[in-house]
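Using the sequences plus the hints, can you model the full thing?
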Amino acid sequence: MILAAAAPASPADAWLERAPLLLRDALTGWLPDALRPWVAALLSIATILGVFGLLFAYMTLAERKILGRIQNRPGPNRTGPFGLLQPFADAIKALTKEDIVPRAADQVLHFLAPVVLVALSLIGLAVIPFGRNLVAVELEASVLYFFAAGAATELSIFMAGWASRNKYSLLAAMRALAQLISYEVPLLLSMVPVVVVAGSLSTTGIVAAQGGWAAGVWPHWHALTPWGFSAFGVFMVAALAESNRSPFDLPEAESELIAGHLTEYSGFKYALFFMAEYLGMAALSAMGVTLFLGGWQAPLAVLEFIPSYVWFGMKLLLLLLGFIWIRATFPRLRIDQLTRLSWKFLVPLALVNLVNGGLWAVTSDWTGAAGVARWVVSALLVVVPFVVLGRSLTAGYGPRTYRYASP
Amino acid sequence: MMLPDPAATGLARVRKIEGAALGLRTPAFAPEEGAGDLLEVSLGPHHPSTHGVFRMDVVLDGERIVRLKPVFGYLHRNHEKLGEGTSYLGSMPYTDRLDYLNSMTNNWAYALAVEKLAGIPVTERAEYVRVILAELSRLLNHTCLAGFLMQDCGCSGTPLMYAFREREKILDLFESLSGSRMMCNFQRFGGCRVDPSAEWLAATRTLVDGYGAFLDEFEALLSGNEIVMARTQGVGRLPAALAVNAGVTGPMLRASGVGHDLRKVDGYGVYPRFNFRVPIGRDGDVYDRYMVRMLEMRESISILDQALRGLPGGPILDPKAKQRGLRPKAGEAYGRIEGPKGEIGFFLVSDGTGNPTRYRVRAPSFVNLTILEDLCLGHSVADAVIILGSIDIVLGEVDR
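Chains as they are written, first to last, in the numbering used here: chain D, 26 to 432; chain B, 2 to 401.
Please note: incorrect hints may appear among the correct ones.
What the hints assert, rightly or not - To give a feel for the contact side, a few chain B residues facing chain D, derived at Cβ under 8 Å:
| # | residue |
| --- | --- |
| 1 | L39 |
| 2 | L40 |
| 3 | V42 |
| 4 | M151 |
| 5 | G155 |
| 6 | G225 |
| 7 | I228 |
| 8 | M230 |
| 9 | Q234 |
| 10 | V279 |
| 11 | P280 |
| 12 | A383 |
| 13 | D384 |
In case anyone wonders, no lab produced these hints; they're calculated from the structure. Virtual Cβ for every residue (Gly too), placed ideally from N, Cα, C.
What follows is the structure, given as structure tokens:
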């Protein structure tokens with residue numbers, strides 16, 4: 026991004042805002058010109074691996090702590106102060122455990138599945154703009170790249186289930202495939218109106234389109250428009266399903282399938298699956314922040330002094346907290362209900378939303394009364410399908426009244 | 002006696018499962034015409050959702066269950082044969098181990114059988130204390146069941162933890178009264194072992210007064226939850242005719258719409274003095290079984306309230322009632338009560354010696370479990386898990 030003659034007070038010039046760039050320049054400045062981009066790329070990779078590796082470690086702790094608090098118990102608090110060393114204890118345990126591979130398993134696929142899964146979960150992070158000027162790879166169609174990488178992850182879950190040669194794992198693999206096919210569609214469809222409105226397939230372009238404030242206080246984030254709110258909802262529900270999180274954790278439903286595709290894994294490979302789950306969750310949340318919550322943009326102009334990467338981090342953590350909260354609250358869906366929710370609710374909702382987003386893009390120059398009408402029409406296009414589809418989804422279920430036996 | 006047509010009542014199915022329960026090797030399963038590739042999976046005995054050491058051999062078409070064979074007996078402890086070699090009092094602590102969540106009601110049913118056999122009168126105060134303990138036990142059992150059922154539905158432990166918080170409070174009461182949290186060994190022939198103190202009664206009063214608020218909180222989280230309703234409504238329907246013919250009792254039976262409650266039918270103890278209602282379901286599915294238990298707990302709170310208010314003074318145990326060395330006249334007796342899981346009954350035959358010549362337990366979990374295949378056929382594995390959870394079994398009682 027070119028900084029065009031910014032005023033001295035511009036937030037982009039603040040020292041903290043530029044700290045990562047300054048650090049990069051300090052580390053690579055002495056290198057010959059030919060080497061510099063390579064080392065810079067390696068630095069980006071190391072940073073992403075380090076930050077998200079640590080995020081994974083402390084997400085597991087945060088999840089256990091928050092689940093514990095929601096459930097009236099303290100959670101892990103024996104390892105280090107407030108249990109802060111628990112992730113490291115877990116890692117040491119996982120690393121030193123015996124790695125058991127069933128004799129009947131497909132040795133190669135059994136080994137490859139967790140490795141491929143982690144790799145695929147990581148590469149999506151390359152195109153996320155974590156802050157102003159903080160994107161590892163600038164691609165023209167980075168959104169497409171992200172979803173292509175994400176779609177491949179459930180295939181490695183299928184690999185794990187198939188290669189284990191265990192009936193529970195096999196059932197889990199079947200469920201994973203059903204889930205993959207069902208939820209890729211709404212996930213992608215919910216993203217399309219964003220591309221239409223922002224006029225860009227690149228993540229930095231989409232974030233830039235969400236800059237500025239209406240009336241100085243209402244950020245131009247997509248989630249704060251009716252169509253964007255609907256798309257954001259569909260996206261996050263599909264993201265829950267794509268990352269196999271409760272209430273869509275069917276492939277590893279422990280009350281039904283022991284541990285699903287993880288049944289025959291132990292030690293560090295088992296830990297790798299968890300790492301992939303949390304990385305996938307973080308990557309999808311990061312994409313949600315980028316597409317709908319203004320990326321690294323501050324919610325208010327007066328708050329711009331806080332560096333952009335801090336804003337990004339805060340939004341990301343907020344979404345991740347939502348994942349944990351949902352896990353602590355809801356029971357699990359059944360596989361047919363899971364697919365029905367996708368095909369009969371999320372997909373139609375996302376399709377209507379395509380029209381909605383298109384209208385929004387066409388009417389972008391409407392102001393005054395027409396501007397109000399634009400909001401009303403867009404809101405109606407969200408609420409009406411939501412109510413109608415929701416009614417048909419929950420038809421046949423409902424609270425009941427009970428009789429008492431006559432004495 | 003004329004037996005009804007097995008096909009009309011669904012009894013044919015019940016008979017078949019009895020064969021399976023005996024461990025008979027059935028011939029290899031012949032797939033139906035048009036069925037896809039079938040997968041036989043053994044759910045258990047080390048499966049996390051079988052509530053103990055219980056196994057379901059299921060044959061799956063995709064995820065749909067086309068055959069299910071319950072296999073139990075892993076926890077068989079020779080309970081009934083041991084009862085024949087033990088004195089009447091000596092069997093009392095063994096009954097704790099049947100349904101280990103509800104030792105209080107097991108004790109009561111056994112004491113009732115012996116009291117009938119030997120003609121021992123029960124003191125007034127003990128009758129009230131028995132009602133209080135039985136209803137506390139019902140609260141404990143149903144609360145745990147709801148927690149486990151939601152765990153089977155895939156909640157990550159939250160409802161279970163809230164349920165266990167309340168369970169601990171009741172177990173604390175049991176412990177302070179009997180000295181043991183779960184293995185209470187509390188009833189005696191003609192009364193109870195210990196007289197509850199005023200402090201204990203005050204603590205019970207506090208618990209009873211607060212329990213309604215807990216149920217409100219619990220139900221606010223779960224009973225109206227769309228996912229819970231979608232998972233449980235219409236799943237595992239038990240028709241009233243099959244329930245009656247298979248001998249299903251307790252909340253399972255009432256959820257199918259049959260208002261049969263031994264507290265009303267037999268009116269044992271001092272239950273006729275209390276004012277309470279018997280909730281019944283209509284569809285007999287998992288949701289009805291859950292809700293009937295929830296409503297039953299509200300009635301239990303009302304009974305507890307009345308019993309605590311009306312608790313008379315006097316001795317808790319008739320000092321003349323013989324405990325050790327009891328030798329009832331030759332004869333037989335069947336004592337049954339409405340346990341939290343259904344009709345828990347003890348059948349005793351005496352030949353005039355210190356031990357019963359026949360000691361038989363009618364375990365509600367065991368009888369209720371026999372219709373498992375009927376409930377599960379056509380549903381998915383995920384449903385089978387919650388159907389099993391809604392039957393409310395304890396393997397200590399099933400296998401004995």
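Hinted contact V279 of chain B with chain D - closest CB pair below 8 Å: With Cβ-Cβ at 4 Å, under 8 Å, it holds.
Against chain D, is P280 of chain B within 8 Å by beta-carbon distance? 5 Å, holds
Quick check on V42 of chain B please, does its C-beta sit within 8 Å of some C-beta on chain D? This hint holds: V42 of chain B lies near chain D, its Cβ roughly 5 Å from the closest one there, short of 8 Å.
Is the hint on M151 of chain B kept, meaning its closest Cβ partner in chain D is under 8 Å away? 6 Å, holds
Any CB of chain D closer than 8 Å to the CB of M230 of chain B? 4 Å, holds
Interface hint for Q234 of chain B, Cβ within 8 Å of any Cβ on chain D: For Q234 of chain B, the interface hint holds, since the closest Cβ of chain D sits about 5 Å away, which is under 8 Å.
Once the shortest beta carbon distance from L39 of chain B to chain D is found, is it less than 8 Å? Since chain D brings no Cβ nearer than about 12 Å to L39 of chain B, farther than 8 Å, the hint is violated.
Have a go at the L40 of chain B hint: is there a Cβ in chain D nearer than 8 Å to its own Cβ? The hint holds - L40 of chain B has a Cβ within 8 Å of chain D, the shortest such distance being about 6 Å.
Verify the interface restraint on G155 of chain B: the C-beta must sit less than 8 Å from at least one C-beta of chain D. Status holds, d = 3 Å.
Less than 8 Å between beta-carbons is the criterion; does D384 of chain B satisfy it with respect to chain D? 7 Å, holds
Tell me if the interface restraint on A383 of chain B is satisfied: Cβ within less than 8 Å of some Cβ in chain D. 5 Å, holds
Holds or violated: the hint that G225 of chain B contacts chain D, with Cβ atoms closer than 8 Å. 6 Å, holds
Violation of the numbered hints given earlier is confined to hint 1; every other hint is satisfied by the structure.
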